[in-house]
Amino acid sequence: MTRTDPVSPTMAPGARAPAKRLELVCPAGSLPALRTAVDQGADWVYLGLRGATNARNFPGLNFDENGLRQGIAYAHRHGVQVLLALNTYPQPQSWTLWTQTVDQAVELGIDAIILADLGLMQHARQRHPELALHLSVQGSATNYEAINFYHERFGIRRVVLPRVLSLAQVEHTVAHTPVDVEVFGFGGLCVMLEGRCTLSSYVTGASPNTAGVCSPPEAVRWYERDGARETRVGGLLVDRYEAGENAAYPTLCKGRYVVGGQRYYSFEEPASLNTLTMLPQLLAAGVRAIKLEGRQRSPAYVAQVTRIWRAAIDECCADPEHFVARAEWQQDLATVSEGGQCTLGAYHRPWK
Amino acid sequence: MKLALGPVPYYWTAERLHAFYDTIADTDVDIVYLGEQVCSRRHSLRLPDWLSLAERLADAGKEVVLSSLILVESESDLKSLRRLAANGRFRVEANDMAMVQLVAGHAEFVIGPHVNVYNPASLGLLIEAGAVRWCAPTELSAQALAGIVSTLPATVACEVIVLGPLTLALSARCFTARHYNRQKDDCGFICIDHPAGMPLTTQDGQDFLVLNGVQTLSAKIHSLLHDVGSLRRLGVAVARVVPLGENMAPLLAHVRARLDGRIGDDTGQDALAGLVTGECCGGYWNGLAGMQAGVSGVRGTP
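If you read the sequences in order, they're chains A and B. Going by our numbering, the first sequence wraps up at 386, each residue one higher than the last. Going by our numbering, the second sequence wraps up at 312, each residue one higher than the last.
Everything labelled a hint here was simulated from the structure, so no lab data went into it. Small disclaimer: the values here were computed from a predicted structure and weren't measured. Some hints could be false.
Stated by the list, open to error - Here are the simulated distance ranges between beta carbons: (1) B:Asp217 with A:Asp366: 21 to 31 angstroms; (2) B:Phe199 with A:Glu362: 53 to 63 angstroms; (3) B:Glu256 with A:Pro212: 40 to 50 angstroms; (4) B:Glu138 with A:Arg259: 47 to 57 angstroms; (5) B:Arg26 with A:Gln127: 51 to 61 angstroms; (6) A:Gly373 with B:Gly255: 34 to 44 angstroms; (7) B:Ile200 with A:Ala202: 23 to 33 angstroms; (8) A:Asn100 with B:Gly274: 49 to 59 angstroms; (9) B:Ala303 with A:Gln364: 42 to 52 angstroms; (10) A:Asp366 with B:Arg93: 45 to 55 angstroms; (11) A:Arg259 with B:Asp203: 32 to 42 angstroms.
To be verified - What the simulated footprint calls covered on chain A by chain B, stretch by stretch (three residues with Cβ under 8 angstroms from a Cβ of chain B suffice, anywhere in the stretch; the number is not a length): (12) 121-133; (13) 150-163; (14) 222-234; (15) 241-252; (16) 267-277; (17) 298-306.
Beta carbons: idealized from backbone N, C-alpha and C, even for Gly.
Isolated chain A (complex conformation) (with noise of 0.2 angstroms):
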């Protein structure tokens, strides 16, 4: 298991930590994709088992043990390290399926779980002492007191901040915890503060925390009505499209509603995150990590978007005063964005 302590005690003082590189990190669905990822140049891939233990529990995805094995293996071989996503929150009575789960994917080798709930974080720091802990996006952290928290108690190497910081409040929150830094940069974007939000679980009865889901498939329903497409989730009207109109996934927080007399997408238009022109920024604000989002998505897509973002980590890195984000990598990433728009999110003024 490799150790990233963030300081180091015995720093005389005075002394500059030696620079970090800006690590990647990037999402297997499956085995092809995994393999695809470290192929394509991730440091971190990161995976979830089937059933409810992951925020992204689609059918047909995610791992099983046999699986895991293999995935660890070729990881490991190419010297990729992988991260476990067991990051919705267990209810008593399934208690024991997270904390098994735990167990066994440290019995296989995993480098690091990321985790959301507390007291599967206390059982992980417990029974498996030398176990890396990341703090998962679904843990709500979104200031450095509640990251503190997590590391006084638990001792956590890293967190993956909430899509809800400005540069300037991500670059406050490196400065004031030990605990390493990690950012989404590409890929589907949550509105709501992540951890937090139960629209999902109000309309279909399936949340994020509860089931690792939102807006879950099972629960989509398409009507043709006058030459309109209508989409539909639990029942309830999400959008609706005239004959040419782009359909999008009708993910709740991205649909179509009437406020005030005025129909319009209410809280964001479908758009994927894109950071890659913030890259010098978030390297100088000592970010440690960049996630790509999409455990959900296909291997080509994994191979698209880790291939582009481990050049242009590497031009950043190599020379952060002179990156640019290439015109042709912006393009590449428009085509697997969702409705293929791209946003800052909350990295963007106007939109807070």
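Use these hints to put chain B onto chain A, whose structure you have.
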């Protein structure tokens, strides 16, 4: 069972807040949660104002708890949390782990419904840190709650939200400002013009949500009042009502009567319908979608 009133989720003027709490002082609510928990930009009352309001309610015999912000992003948010934690007089309700970090080991606190507690191990850890009461997240079913409450030490009380709109999401983005095409930094505090939030409907006219600045509420009113018997059997010690308007006194009197068994389910639901506008829901309690109707497994009053 004690009756609690949650913090006002909407942005009200100082006059409106003072008038509201004047009426609350005369109700037989046991616990009052005070403070701004939605948006750090709102400032019709500042901490000293909240504290003097708290003293007035304490003089009227209420237990007062100061609720903390849910989404804590900036250093100035943290500073206001620190001031709240150090008030030296009233307990705080932690709605983010930042507040837990600030009070852990220093003062008794209430775990608010916005801290993610889904199992006994998580709750146990917070109790060790000093929690004396736990308000359950609304997403939890009665079955899940039973599995957690059964492990509570006698010194720690369980609180459940029994009536009010559900807080479904918070965001860095202000959806009221978005509606008016304003930036959040330059919002002009427009949400003060919407003292009950802005209703959002689907394109086919179904009431769905209520926009309240950075907070998104349910349009339906979550109600567990049909299931007071099971709340009691589970050992729930405090029933919380979320303010859903300015005229709360008759509604609180109704809830008090339901909790005390003076009004039974047979007539209670009809009376409730006359006191709240809009539909009620309660699906979460039965492990269903939250917007579904609450179906009581247990009829009648004990």
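Against the structure, the hints come out as follows:
With their beta carbons about 42 angstroms apart, B:Asp217 and A:Asp366 fall outside the hinted range of 21 to 31 angstroms. As the Cβ distance of B:Phe199 to A:Glu362 is approximately 45 angstroms, the hint placing it in 53 to 63 angstroms is violated. In this structure the hint that B:Glu256 and A:Pro212 lie 40 to 50 angstroms apart at CB holds, the actual value being about 47 angstroms. At roughly 56 angstroms, the beta carbons of B:Glu138 and A:Arg259 sit within the given window of 47 to 57 angstroms.
Look at B:Arg26 against A:Gln127: about 44 angstroms separates their beta carbons, and that is not inside 51 to 61 angstroms. The supplied range of 34 to 44 angstroms is met by A:Gly373 and B:Gly255, whose beta-carbon atoms lie about 38 angstroms from each other. Restraint check, B:Ile200 to A:Ala202: a C-beta distance of roughly 24 angstroms satisfies the suggested window 23 to 33 angstroms. Distance hint for A:Asn100 and B:Gly274: a CB-CB separation of about 57 angstroms, consistent with the stated range 49 to 59 angstroms.
At roughly 48 angstroms, the beta carbons of B:Ala303 and A:Gln364 sit within the given window of 42 to 52 angstroms. Between A:Asp366 and B:Arg93 the C-beta distance comes to about 49 angstroms, which sits within the given range of 45 to 55 angstroms. At roughly 36 angstroms, the beta carbons of A:Arg259 and B:Asp203 sit within the given window of 32 to 42 angstroms. Coverage of the region 121-133 of chain A by chain B holds in this model, with 6 residues showing a Cβ closer than 8 angstroms to a Cβ of that chain against a need of three.
A count of 7 residues in the region 150-163 of chain A with a Cβ less than 8 angstroms from any Cβ of chain B is obtained; the coverage claim is therefore met, three being the minimum. Only when three residues or more bring their CB closer than 8 angstroms to a CB of chain B does the claim for the region 222-234 of chain A stand; here the count is 8, and the claim holds. Coverage of the region 241-252 of chain A by chain B holds [criterion: at least 3 residues with CB-CB distance below 8 angstroms; count 3]. Counting residues of the region 267-277 of chain A whose C-beta sits closer than 8 angstroms to any C-beta of chain B gives 6, which meets the bar of three, so the coverage hint holds.
With a cut-off of 8 angstroms between beta carbons, the region 298-306 of chain A has 3 residues touching chain B; three or more are needed, and the interface restraint holds.
In summary, the structure is inconsistent with hints 1, 2 and 5 from the numbered list given earlier, while agreeing with the others.
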